[in-house]
Amino acid sequence: MSRTLSAPVTVAFDYTRSTGPVLGRFLTGLRDGVVVAGRTSDGQVVVPPPEYDPVTHAALEDFVEVSSEGTVTSWTWVPEPVKHQPFDRPFAFALVTLDGATRPLLHALDVASPDEVSTGMRVRIRWAEERVGAITDIACFEPSDSPAPDPAAPLVAPAGAVDPVTGIVVPVSLDYTYAASPEESAFYRGLAEGRILGQRCPTCGKVYVPPRAACPSDGTPTAEEVELSQTGTVTTFCIVNVPFLGQRITPPYVSAYVLLDGADIAFLHLILDCPADEVRMGMRVKAVWKPREEWGTTIENISHFAPTGDPDADFDTYKHHL
Amino acid sequence: MRDVAVVGFAQRQMPEFDGSPTCVELLVPLFEECYEQTGWTRHDVGFWCSGSSDYLAGRSFSFVQAVDAIGVIPPVNESHVEMDLAWAMYEAWVKIQTGEVDTALVYAFGKSSAGVLRRTLALQLEPYTMTPLWPDTVSLAGLQARAGMDAGLWDERAMAEVVDRSLRDAEANEYAVRKGGSSVEELLARPMYADPLRKHDCAPVTDGAAALVLAAGDKAREVRERPAWLTGASTYVDAMTMSRDLTVSESARRCAAALDLGGVDTAELHAPFSHQELVLRREAGLGEDVRINPSGGALASNPMFSAGGIRVGEAARRIWAGESDKALAHATSGPALQQNFMCTLEGTI
Chain A
1 MSRTLSAPVT VAFDYTRSTG PVLGRFLTGL RDGVVVAGRT SDGQVVVPPP EYDPVTHAAL
61 EDFVEVSSEG TVTSWTWVPE PVKHQPFDRP FAFALVTLDG ATRPLLHALD VASPDEVSTG
121 MRVRIRWAEE RVGAITDIAC FEPSDSPAPD PAAPLVAPAG AVDPVTGIVV PVSLDYTYAA
181 SPEESAFYRG LAEGRILGQR CPTCGKVYVP PRAACPSDGT PTAEEVELSQ TGTVTTFCIV
241 NVPFLGQRIT PPYVSAYVLL DGADIAFLHL ILDCPADEVR MGMRVKAVWK PREEWGTTIE
301 NISHFAPTGD PDADFDTYKH HL
Chain B
1 MRDVAVVGFA QRQMPEFDGS PTCVELLVPL FEECYEQTGW TRHDVGFWCS GSSDYLAGRS
61 FSFVQAVDAI GVIPPVNESH VEMDLAWAMY EAWVKIQTGE VDTALVYAFG KSSAGVLRRT
121 LALQLEPYTM TPLWPDTVSL AGLQARAGMD AGLWDERAMA EVVDRSLRDA EANEYAVRKG
181 GSSVEELLAR PMYADPLRKH DCAPVTDGAA ALVLAAGDKA REVRERPAWL TGASTYVDAM
241 TMSRDLTVSE SARRCAAALD LGGVDTAELH APFSHQELVL RREAGLGEDV RINPSGGALA
301 SNPMFSAGGI RVGEAARRIW AGESDKALAH ATSGPALQQN FMCTLEGTI
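Chains as they are written, first to last, in the numbering used here: chain A, 1 to 322; chain B, 1 to 349.
Please note that the accuracy of each hint is not assured.
Once the Cα atoms are required to be at most 25 Å apart in a straight line, the calculated SDA-like pairs of lysine to any residue come out as [what the hints assert, rightly or not]: (1) Lys83/A x Val11/A; (2) Lys290/A x Ala7/A; (3) Lys199/B x Phe87/A; (4) Lys199/B x Thr119/A; (5) Lys290/A x Leu272/A; (6) Lys83/A x Pro204/B; (7) Lys206/A x Val28/B; (8) Lys206/A x Thr41/B; (9) Lys286/A x Arg248/A; (10) Lys199/B x Ala112/A; (11) Lys206/A x Pro29/B; (12) Lys206/A x Val67/B; (13) Lys83/A x Tyr193/B.
One-sided and incomplete, this derived list gives chain B residues near chain A with beta-carbon spacing under 10 Å [as the list claims (entries may be wrong)]: (14) Tyr55; (15) Lys111; (16) Ala145.
Since the hints were made in silico from the structure, they are not lab data.
Just so you know, even glycine gets a beta-carbon here, dropped at the ideal spot from N, CA and C.
Just need the whole structure built from these sequences, with the hints factored in.
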């Protein structure tokens with residue numbers, strides 16, 4: 001048996017961002033199949049355009065159109081692509097200075113092996129089939145046969161944009177293997193046997209459930225295991241009336257802090273088997289377990305807490321735990 | 001300015017930590033070591049500051065749980081940065097300069113192995129034109145390495161020499177997760193990974209934690225016969241974009257220019273990729289006579305959020321022992337040496 005329990009966890013969120021006028025102009029260009037660069041006060045032509053001039057710090061307003069072809073100025077091989085990169089097979093990331101620009105743009109280069117890439121090689125943009133106003137409107141760069149223009153074409157301002165891009169959505173998701181601490185692992189293994197385990201701090205004597213690696217009051221590592229009663233007192237609670245994504249119980253229902261007899265910290269669980277408006281501070285409740293064949297190493301083994309019918313606990317017994 | 005010194009240092013580094021990403025379990029013994037080194041209890045620490053990131057932990061407010069390792073009754077004066085330990089130390093140094101406190105314990109932790117580190121770090125990039133491409137850390141470093149090679153500023157042999165020296169020195173470092181020298185020829189004979197980088201050019205993914213103790217004036221002298229006095233500290237950042245000149249580090253150059261580096265005999269440089277040490281040596285103007293990374297540096301182990309501060313601790317250790325009279329410590333963050341911190345530590349002031 002490994003020392004700790006672990007489980008896969010994916011944390012995901014769609015970041016919605018406003019673009020502002022400079023990045024908005026750049027992304028509008030990409031949507032329309034045009035690369036818009038910014039000309040800075042030191043004469044550089046930069047893609048993507050910086051929002052502020054790096055020397056004068058003035059807002060950038062001088063936009064020029066540059067070519068969709070260019071030259072590789074640096075590259076690196078990506079032998080083991082990570083999730084959501086432009087390709088799920090080996091490819092190159094490259095810095096490409098587009099014709100007309102003086103500073104390079106970072107993007108993927110579609111070649112089959114590192115032997116097919118070299119600094120100085122000519123490449124062109126492969127546009128995405130559907131363009132929405134995002135950096136991924138450039139699907140990638142691909143090798144090109146056409147030489148660099150000589151002399152360079154004069155830079156012109158891009159045409160006025162119709163229906164400019166003002167926002168983007170960037171979905172982000174990260175995969176983890178999330179491990180519980182040894183103390184938390186003992187807690188979950190206890191639940192799989194129908195027991196609720198805590199730990200007592202050797203310095204202050206307080207009992208924590210779930211157990212923690214150290215007593216938050218005095219920093220002492222906790223070691224002594226304590227099995228707790230399955231009966232406790234509602235210290236405080238709220239009635240959930242608002243529906244939300246992933247909700248498993250139909251509102252209204254009660255979410256409460258339950259101080260188990262013998263514990264010094266309350267933990268959060270559901271109070272069911274009675275009308276929500278009858279739940280009160282001091283109410284005595286007991287753990288109601290799911291059928292044993294459904295148990296795992298999870299707090300969900302306890303379906304909920306239900307009233308015992310005993311008289312309410314005296315306020316003094318839980319006033320220090322609010 | 002008040003005289004402030006590094007008087008305590010503890011570290012743990014490992015390829016894979018079998019435990020919770022909150023790392024409380026790692027921090028408790030680290031703090032114990034700091035108390036032993038200083039003769040203090042937690043009540044003697046005037047200010048606490050931690051460095052960590054929820055993106056690394058895969059959970060929210062992970063730094064709050066880490067506070068359990070301190071013990072907070074009575075309440076403590078505490079802060080947090082989503083930056084490396086070196087910057088947490090910088091905040092503590094400023095706090096001590098204000099006169100509000102005389103002592104500080106700063107710590108950092110991270111379980112890099114919980115996710116795919118080189119991918120997770122794409123979230124520190126510019127979110128409009130970079131993050132959607134998920135450029136991984138190794139690729140961004142590869143672009144920088146090639147730019148310098150193409151410009152004739154370094155070559156793969158110079159990079160292999162950095163690796164060879166680092167892994168030899170790491171043999172004496174009990175915390176190094178990668179160690180053991182071979183030869184420049186043998187290193188160059190190994191296959192390319194992310195061309196132009198071989199695997200040994202890239203710091204190993206490392207879990208770990210570290211802590212530093214700071215004290216002002218006589219408080220420092222009470223702890224150490226020869227405290228490592230912080231005689232200068234500076235931090236600068238470059239623009240996020242990869243369209244800047246990657247063969248130089250303007251921010252590192254500014255850090256160095258803000259310090260008096262005369263007489264530096266030892267430098268602990270935080271270079272997670274071999275060529276980055278070459279950039280840093282040039283920007284700091286370090287000569288051949290300066291001992292670089294006697295600990296083995298980040299190529300031997302690079303725990304996220306503590307590896308930069310560990311450079312400070314390794315430098316301080318050598319000052320305490322009289323092996324160095326003046327040392328430079330450096331920390332970096334962001335893609336391709338974008339953010340930098342430097343400080344000087346001296347045995348006498």
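Going through the hints against the structure:
1. Lys83/A x Val11/A: OK: Lys83/A and Val11/A at ~14 Å, within 25 Å.
2. Lys290/A x Ala7/A: Holds: Lys290/A and Ala7/A sit about 22 Å apart, inside 25 Å.
3. Lys199/B x Phe87/A: 21 Å, holds
4. Lys199/B x Thr119/A: Holds - the C-alpha atoms of Thr119/A and Lys199/B are around 22 Å apart, at most 25 Å.
5. Lys290/A x Leu272/A: 13 Å, holds
6. Lys83/A x Pro204/B: 20 Å, holds
7. Lys206/A x Val28/B: 18 Å, holds
8. Lys206/A x Thr41/B: 21 Å, holds
9. Lys286/A x Arg248/A: 21 Å, holds
10. Lys199/B x Ala112/A: Roughly 21 Å separates the two Cα atoms, so the pair holds.
11. Lys206/A x Pro29/B: This hinted pair holds, its Cα atoms lying about 21 Å apart.
12. Lys206/A x Val67/B: 17 Å, holds
13. Lys83/A x Tyr193/B: 18 Å, holds
14. Tyr55: Since chain A brings a Cβ to about 7 Å from Tyr55/B, closer than 10 Å, the hint holds.
15. Lys111: 8 Å, holds
16. Ala145: Given a least distance of 8 Å, the restraint on Ala145/B holds.
Of the numbered hints listed earlier, not one is contradicted by the structure.
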